[in-house]
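Asker: Use these hints to put chains S, G and B onto chain H, whose structure you have.
Protein chains in written order, with the numbering used here: chain H, 208 to 593; chain S, 208 to 593; chain G, 208 to 593; chain B, 208 to 593.
Put simply, identical chains are the same to the list, so a pair is met inside one copy or across any two.
Computed cross-link-like contacts, DSS-like style, restricted to lysine-lysine with a CA-CA straight-line distance of at most 30 Å: (1) K408 - K487; (2) K268 - K211; (3) K590 - K213; (4) K268 - K487; (5) K590 - K546; (6) K536 - K590; (7) K487 - K477; (8) K378 - K589; (9) K546 - K589; (10) K437 - K272; (11) K589 - K536; (12) K213 - K581; (13) K437 - K536.
Calculated directly from the structure, the hints in this document are not laboratory data.
There are 4 protein chains.
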Amino acid sequence: MPEKRKVCVVITARPSYSRIKTALDYIQRHPDLELQIVVAASALLDRYGSAVNVIERDGFKINAKVYNVLEGENLTAAAKTTGIGIIEISTVFDNLQPDIVVTIADRFETIATAIAASYMNIPLVHIQGGEVTGNIDEKVRHAITKMADAHFVSSSLAQERVIKMGEHPSKVFLTGCPSIDLAVPILQSTRLDFDPFQKYKGVGEIFNIEEPYIIVMQHPVTTEYESSRKHIEETLQAIDELKMPTLWFWPNVDAGADGTSRGIRVFREKAKPTYVHFFKNMEPDDFLKVLNQSRCLIGNSSVGIRESAYLGVPVVNIGSRQSGRERGKNVIDVGYDRKEITAAIREQVAHGHYPSENIYGDGNAGERIAALLKDIQLTVDKKLAY
Amino acid sequence: MPEKRKVCVVITARPSYSRIKTALDYIQRHPDLELQIVVAASALLDRYGSAVNVIERDGFKINAKVYNVLEGENLTAAAKTTGIGIIEISTVFDNLQPDIVVTIADRFETIATAIAASYMNIPLVHIQGGEVTGNIDEKVRHAITKMADAHFVSSSLAQERVIKMGEHPSKVFLTGCPSIDLAVPILQSTRLDFDPFQKYKGVGEIFNIEEPYIIVMQHPVTTEYESSRKHIEETLQAIDELKMPTLWFWPNVDAGADGTSRGIRVFREKAKPTYVHFFKNMEPDDFLKVLNQSRCLIGNSSVGIRESAYLGVPVVNIGSRQSGRERGKNVIDVGYDRKEITAAIREQVAHGHYPSENIYGDGNAGERIAALLKDIQLTVDKKLAY
Amino acid sequence: MPEKRKVCVVITARPSYSRIKTALDYIQRHPDLELQIVVAASALLDRYGSAVNVIERDGFKINAKVYNVLEGENLTAAAKTTGIGIIEISTVFDNLQPDIVVTIADRFETIATAIAASYMNIPLVHIQGGEVTGNIDEKVRHAITKMADAHFVSSSLAQERVIKMGEHPSKVFLTGCPSIDLAVPILQSTRLDFDPFQKYKGVGEIFNIEEPYIIVMQHPVTTEYESSRKHIEETLQAIDELKMPTLWFWPNVDAGADGTSRGIRVFREKAKPTYVHFFKNMEPDDFLKVLNQSRCLIGNSSVGIRESAYLGVPVVNIGSRQSGRERGKNVIDVGYDRKEITAAIREQVAHGHYPSENIYGDGNAGERIAALLKDIQLTVDKKLAY
Amino acid sequence: MPEKRKVCVVITARPSYSRIKTALDYIQRHPDLELQIVVAASALLDRYGSAVNVIERDGFKINAKVYNVLEGENLTAAAKTTGIGIIEISTVFDNLQPDIVVTIADRFETIATAIAASYMNIPLVHIQGGEVTGNIDEKVRHAITKMADAHFVSSSLAQERVIKMGEHPSKVFLTGCPSIDLAVPILQSTRLDFDPFQKYKGVGEIFNIEEPYIIVMQHPVTTEYESSRKHIEETLQAIDELKMPTLWFWPNVDAGADGTSRGIRVFREKAKPTYVHFFKNMEPDDFLKVLNQSRCLIGNSSVGIRESAYLGVPVVNIGSRQSGRERGKNVIDVGYDRKEITAAIREQVAHGHYPSENIYGDGNAGERIAALLKDIQLTVDKKLAY
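Pulled out of the complex, with its shape left as it was, chain H reads as follows (with noise of 0.2 Å):
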């Protein structure tokens, strides 16, 4: 009988959880593969949504957890993190001795599993190559797909944009994105089955769920460190004159978070606002099901860009972090400006759910990346197809 695969897959912060989680469910129920997964950097702690105990609670077994942001508020630790990461990853690949590795996306951090595991000489696989951002993460994303062996990507343009780069077309396969499959029943329900403030805590005004509110996720955008408390405000500032019932998300760890954070902060200290309720996290399928349900979704999270298109919620994105990316007529994009934020979102209350667009998915990624993972020829020889 031939051994089952080793596929590890390395989680390292919460939204990189929703677009792998349809994956892991079919990796895990494969009998031809055997699942390892390792939570790292933010994933692991508290003060960034401690995505780990979601990922628990969803019935997955961790295999090796690894802690290695460096606190600092300034870039170098970003960079320090990284270096910590490789450290601690290869370590746990010398223990896990895995047949295939995942990274997903394009977080700074992700390189450390990239750089492990191709060093290594473990065949890597990387999901949602071929997307474009701007900043670091452009740097990130497109680095490692010249690192991975294999490419699950997202959409056909992300698909044609990994060829170019030179990658060989037999190691490019069009999955769509995990993130996808979660909406596809959240699409056709009509009401909240749940009530957040009751599951999720979180601090501040508890208002009335049936009625209209929205929805803000807004990250420090990296390369623009020093602005992210300038950025943040001018946000806040827009909600502060709208007054509408809403759901604010804490952004993730970056290096420029507490510029963000603190922004945060002293407005709820200060403003006292009688509006807003602060989540630091759902689980996925409830997030998608409060977003579903919100009339705009502000801010830079990509998903405004990614379910929100398949869900088809108004979407007000905020600066340059999406900037390139593929996007479907649910977005309005304005600047850091409280005056254009506050005019598109009265544009989207207004205007109300669009149809349903399929850019980033049908709903089937989890299942055809389980079937490539025990498909696909382990190599880790390439190069470049031109």
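Answerer: Just chains S, G and B now, kept in the frame of chain H:
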């Protein structure tokens, strides 16, 4: 008066120094540039030839030394060496505050320079992108291309490839390789102007350097780690059959270094060869002189592909390390097979020198690079050009 | 002219700065000494009060900053923080080339300073050896004693203990603690000369600082990690029962920091106390002024043992953190029990200030330390004195 | 049924293995103990004799390997090796979850084990505390004593010293040194039962092992880094004058290793000695046999002080490395001086073997240690006993 641009060059290995030396000269003498040199990894270590000493003898001031080579006869050590490199090099950049960082070629540890610079938002220039090699170097080289903000390439084919990979054509400059600059005067000379045995000591037999001799320079191939011992033995047997006066240069550091090195050491102890002299290292100029006077270069060094094309030195290129690289008429490619190697050496020695070919530069790379470092726009944000 | 001795002081936490500040002044002004300051670990971090800002405001130049705090809610992170500290601090010493290194007290990360200095053959001076505390601090403190080449101790009992441990008496100097130097002028003053709410902001209720108030300062106890949440809750309940105006200072970083901090945060959200104001940090002088005017200090800070003895401030000392330390008549020791705590606070508030006691210094420690750093013989070899 | 106690022993160098081997045997066979072995640092490296291979051949299962030796010919590398060691070993402890950690002797990198264990609240046992050596080993040894929760010492004088240092007498156990256990059967034997040249290869001359021979084993002395080359040359010259058949053992890793090693290598190349054979390592038993048959041991190894006292082998002890250690009548101490060395060797060869002395153990250390590991109370809090 505008401040000088601070250009920080990180050198991690012996051969990298030859590929930047003339540029260092021009940068140092440029009125608008301030040169910062960081020496790291095997370039600092005695058993890999202490490139650091050569750099200092050439009159360059070293701003920081980074010891990051982790000992261990395995691939994990290469990953960890890189992780330590990131941690240390980011501290160095914090101290030196360069305006531009320059990284050279494709050795595994060079990605530490690329990550530290790009995560810290320092514009990154990559020397020698766009070439192809296979194995881990291939992945590292192209990953660095995707992190670099400007590219100084050696050949027109390399330029074409970097642009195809999605880099903006305005950021890709065909400079040629500075190592060719060093070869310009040597091409004219007709005999050695120094005694290598006296100047560089080394160990083993001393013979009349005026007589015909050959050179061996064979590095382990990272992804074929366990077989590096076997590979080197084919070469050793071939050399042992020919018994021509031979100058043998020790390999530089790699995950499999000890497989190769041990093969050589055991051969020395057992065969006690009377026709071989072993060197650790030579100053770049001296090495080119010795190369130019040799009858044949054997092994897998890129010197056989690059400088030897310019000098017309006959080359027997063994194995996969240089596969896919542009090469001149002077190269015969063979496998890891003592018979093939022996036959090819005999053929090359019988043939004698080839006409000079101009594939990797015209001798003005260093000057061009310094001028560009003064003139290029300093940016850290980029996007795929398609 | 002889060169100045380069004295490098490494400061890793807020309280350590108070225990060296007057010495820094005297070193800086000493004609034969050159002061080098390295700020590391939690002393750099915003959420532990950014001691670094205070140091700079006091006019000291910082030669290097070392970010080494690894995030993670577990004890392993403390070990790794120390490992990263050694790697980084040894680079700093390589750059600064100090003649003497000074390390302060007993926090876990201070052993990184001791190891870097002693392994690099730099004479090491330890401030505050010979005291006893229990738990990991106890191990760290005495281990550093065994690595140090000279000892500047605070009390005669500490001096006796260091000598008993086998250190040569000629290397053990009773200097007193520089933190007491800071308290000399404060002892004379009768009222606050600044408004803490205005100057330090903080969050929570603002009350009339002329009215009687108490202070709380409670740190997690490393080896009782999991119970730190429970410990803090006893204190919170006691404070909640008394409802006296209270100044609460956030704990500094430790493995269990988040247990304690979360306890406090949850209390704030739920109890919404109207009689507490929370501060992150104050300049040492200001803190002593606030302390001197308070009716009672509650918690487990060593300030209760040291400065409070000199100032005669009544103290309720909770739990094991200070057990075994010399203390004055001003201290009542209690367990982690809300009833005990409440009763002791009531007793102390009723009693009022105690006479000044001179246990940890006479106010001239800083001057003595600077003079010794100039005069002591620089040696790195030592042996047990028995 | 109670769970077995998990005892984790960390071995970082060749000689440390001899000092724990018989204890490992007894732990492994003990019904209430589970043995975990971690091999780290130079014990893993080929050029320091790969102790790891010996350990595996002896039938022990290795639970984790930790590569942490940072290359670099300087003292900073020793500090950084320790920092990397802490980072890696704490991960190992996280995985293995030992109930007790055992660290051996005083090499610089062993403090990494002590820090990882004590910061993670794992009870720490230290083997061989209380001895004196001078230089960095002295600092490391006693610092570990202050971090250890129990002490298994080799001699009654060591026991006395550990207690004097403030450790509670109930935690200090006189076990003797397990290395003496290995010498018990050898003391009875009258001739070698194997051919060292055939079994261990090595390089250099092969002579009749039945004829009188001497042994050299000289390590660099850390704090005299730059002079290690000079030191070894005095010994080399002395040996060259005597020209007796000589077994020379390479030094183990230290900051100055390359000074010593290079001295030896240059000597081999130049003097081409016809009376010396060089070995990297032997299994502990075999080494003791070879030692017992030798006419004299020369150098600065602690084997000369410990096992040689028991075996009565004449010793010429060079320099400061063993200064202050208890020694038997069999030792002549000399300085780094070829004449002194030559004269002392002649005297010892003429004298012949000495009577057995029982200073560092009676041959039952291993058994005692295993029993104690089963029985001692597991605590991590301690205080100075005075």
